[in-house]
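**Student:** Residue numbers (my numbering), protein chains in the order written: chain A, 1 to 418; chain B, 1 to 250.
Just so you know, not all the hints are guaranteed correct.
Stretches of chain B that chain A covers, calculated by requiring three or more beta carbons in the stretch to come under 8 Å of a beta carbon on chain A [to be verified]:
no., region
1, 22-32
2, 129-140
Straight-line alpha carbon distances no greater than 20 Å define the calculated SDA-like cross-link-like pairs of lysine to any residue that follow [unchecked claim]:
no., chain 1, residue 1, chain 2, residue 2
3, A, Lys120, B, Thr117
4, A, Lys327, B, Gly72
5, A, Lys327, B, Lys140
6, B, Lys140, A, Val18
7, A, Lys23, B, Tyr99
8, A, Lys327, B, Arg76
9, A, Lys208, B, Thr117
10, A, Lys208, B, Glu69
11, A, Lys327, B, Thr117
12, A, Lys120, B, Arg76
13, A, Lys208, B, Pro116
14, A, Lys312, B, Ser145
15, A, Lys312, B, Pro98
16, A, Lys327, B, Ser210
17, A, Lys23, B, Pro98
18, A, Lys120, B, Gly113
19, A, Lys120, B, Gly32
20, B, Lys140, A, His54
21, A, Lys23, B, Gly113
22, A, Lys327, B, Glu69
23, A, Lys327, B, Leu97
24, A, Lys120, B, Thr58
25, B, Lys140, A, Gln21
26, B, Lys140, A, Gln15
27, A, Lys312, B, Leu97
28, B, Lys140, A, Arg22
29, A, Lys327, B, Val12
30, B, Lys180, A, Lys23
31, A, Lys327, B, Pro116
By construction, these hints were calculated from the structure, which means they are not laboratory data. Using N, Cα and C, we set each Cβ at its ideal position, and we do this for glycine too.
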Amino acid sequence: MLARAEVALVWKLFQHDVAHQRKRIALTVLAIAWGTLSIVLLLSFGEGMKLSFHRGSRGMGEGIGVVWPGATTRAFMGLPSGRPVRFTEEDVGLLRVRIPEIEAISVEYSRRTGLTAGTKTVNARVRGVEPEFGELRNLIPQPGGRFLNELDIAEKRRVVFLGEELARDLFGREDVAGETVLVNQSSFLVIGVMQTKIMMGMYSGPDKNQATIPATTFKAMWTDERPDNFVYKPGSLELGDQAKAEIYRVLGRKYHFDPEDTRSLGIWDTRENQRITGNIALGIQLFLGIIGALTLFVGGMGVANIMYAVVKERTREIGVKMALGAKVRQVMAPFVMEALVMTVIGGVLGTAVSLGLITLLAALPLEGEALQLLGTPTFSPAIAAATALILGAIGTAAGYFPARRAASIHPAVSLRYE
Amino acid sequence: MTMIRMRAIRKVYSTGRVEVTALKGVDLDIGGNEYVAVVGPSGSGKSTLMNILGCLDTPTSGEYVLSGESVGGLDRNRLAEIRNRHVGFVFQNFNLLPYATALENVELPLLFGGVPTRERRERAAAMLERVDLADRMDHKPTELSGGQMQRVAIARALVNRPAMVLADEPTGNLDTASGKGIVGLFEELHAAGQTIVMITHDMGLARLASRIVQIRDGEVVLDQGGAAPHSPGPPARSAGVNPAPLAAAP
């Protein structure tokens, strides 16, 4: 009964405040709403950027390694240093069999040549690979198309998988599966076109400008060609170091170089890049989050400031209430309640507006690579939780401290306060 | 029956290095249905005495029993409860909440005391009727005259049936006619059995009480019971240096 009467009293006092100090309350709510808007938008942009970084850093392939021929830098088993190390397609088969830590592996031949569709000829990079390459390097076909398969390899088929920009350059459109294109004057069937993807790391140019054909077909057309490199993926990220060491060991035994001589083969381990981009994205998100939180704290300080002023302004009123028998919590509660209600209203308002803005931005078509990399702002539960936590802390502090001050005033003193 | 029992009440204010003794050991007993005026020049300690009487402040030492409850050593919330139940305040400047109606102002002590809404309304309305403000219940203080505001304040002071009404210069901010009305109301209340303690420096007003307690330099210098009319004695009020009894004038 008592508690309910108190709640009623607090609510009544709050209503009085709202009715009599509309402008002050509106401005305070606005400050909180603006702070919330800032933090939600900043964190959402950070989240969107993190996601697009995440996608981008995996655009070339997730956790893969790329191996190029190298040269020894130390003498080994009577052989001099500076000796080139070159591998063959058979070596790739050997590694596939000998290293269980490797989940998938593909050889890659590569050269520039002319591609012709109708009257249009484009000079582009053509590479010869195995079916695993698609999965390894994230070459996902658009609907209606496919990547190379085992039969293409076995029968040395004249089929080609096109990067989407190359397809546009040749045909002026992207849905060209089933069309015919001349590769180095030979007729090839287009079996698929790549889906657009963001690549933050690449070698020998972006995938969207390249044509991909079976390794066996490539070898048949350019017989003297040796593999440019091979691409592998360890069974898990943790197995990456072991797989790398095994590659040096197996090939080192065959080509007589020291497995410790890491320059004898060039290996690009993309796990490292992914770790770095992940950290950069996290750093950016943290930075944006801190800016947002600071903005919100400025808003919160505004609220606290206003609440302090209100307490001062109402010192006499507090004294009267105390003289009439109000207990400490009965004096404090209206102030805490006022601050909390303003924070909640401001927070809900700010979140609603920012969600609206995020939805609007997400619906807008984004053109240009910079915007693509920025990503679309994404609202996540973590952001909601962080915002609620910060808002709650600010609301409580902004209400509690002025209220404690209000209740600490001695009634005999506050009654005299002018 | 003793409503108020004060023994050797001392109050020392210390601000940094300076210590000011506002009350130097006051003994005071006030019985039920007494109408007491506490008089004294400013700086005499009468405000301090009022604060302690009203449980707004606690004495540095001494014993204070109000309505059978010893007030010494109570925490703020217990003091608030005692003020709520036993003391009804009437201030010089009314101290009504400006945004609340007359009825809501009168309801406040009941609200703090946890009285249910319906009963609160009824009791507050009845009390406003008693002070002849039945037709002003929904008016805000700004829509009332000074005398009406003080009537609302008196209704508020009475609504919780306190042991004592503690009035601090209740007519200080009123014109003569309104002041007379308030004084008349006090006499009515006294006649109905209410204990009233009035703090004032107006001897004319004090003389209407049934007992005068004069404070000077933190001590009770005169405690005169009975409502015998006293001759006007400006020296007693204004001199301040002369501790002569008020009754010595004629």
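**Student:** With the threshold set at 20 Å, check whether the alpha-carbon distance from Lys208(A) to Pro116(B) stays at or below it.
**Tutor:** violated, 77 Å
**Student:** For a C-alpha distance cap of 20 Å, please report whether Lys208(A) and Glu69(B) respect it.
**Tutor:** Violated, at roughly 91 Å.
**Student:** Checking one constraint from the list: CA of Lys312(A) to CA of Leu97(B), max 20 Å. Satisfied?
**Tutor:** holds, 15 Å
**Student:** Holds or violated: Lys23(A) and Pro98(B), Cα atoms, limit 20 Å.
**Tutor:** holds, 18 Å
**Student:** Quickly compare the C-alpha distance for Lys327(A) and Thr117(B) to 20 Å and report which way the hint goes.
**Tutor:** Holds, at about 19 Å.
**Student:** Would you mind confirming whether the straight-line C-alpha gap from Lys140(B) to His54(A) stays at or under 20 Å?
**Tutor:** violated, 64 Å
**Student:** Assess, step by step, whether the Cα of Lys23(A) is no farther than 20 Å from the Cα of Tyr99(B), and give holds or violated.
**Tutor:** holds, 16 Å
**Student:** Within a Cα-Cα threshold of 20 Å, do Lys23(A) and Gly113(B) meet the stated pairing?
**Tutor:** violated, 33 Å
**Student:** Taking 8 Å as the C-beta cutoff, is the stated coverage of the region 22-32 of chain B by chain A satisfied by three or more residues?
**Tutor:** violated (count 0)
**Student:** Within 20 Å, alpha carbon to alpha carbon, are Lys120(A) and Arg76(B)?
**Tutor:** violated, 93 Å
**Student:** State whether the coverage of the region 129-140 of chain B by chain A holds or is violated, taking the criterion as 3 or more residues with Cβ-Cβ distances under 8 Å.
**Tutor:** Since three or more residues must qualify, the claim that chain A covers the region 129-140 of chain B is violated, with 0 doing so at under 8 Å.
**Student:** Below or equal to 20 Å on CA atoms is what counts here, so check Lys140(B) against Gln21(A).
**Tutor:** Given pair Lys140(B), Gln21(A) holds - Cα atoms ~16 Å apart, limit 20 Å.
In this structure, the earlier hints numbered 1, 2, 3, 5, 9, 10, 12, 13, 14, 16, 18, 19, 20, 21, 24, 29, 30 are contradicted, and the remaining ones agree with it.
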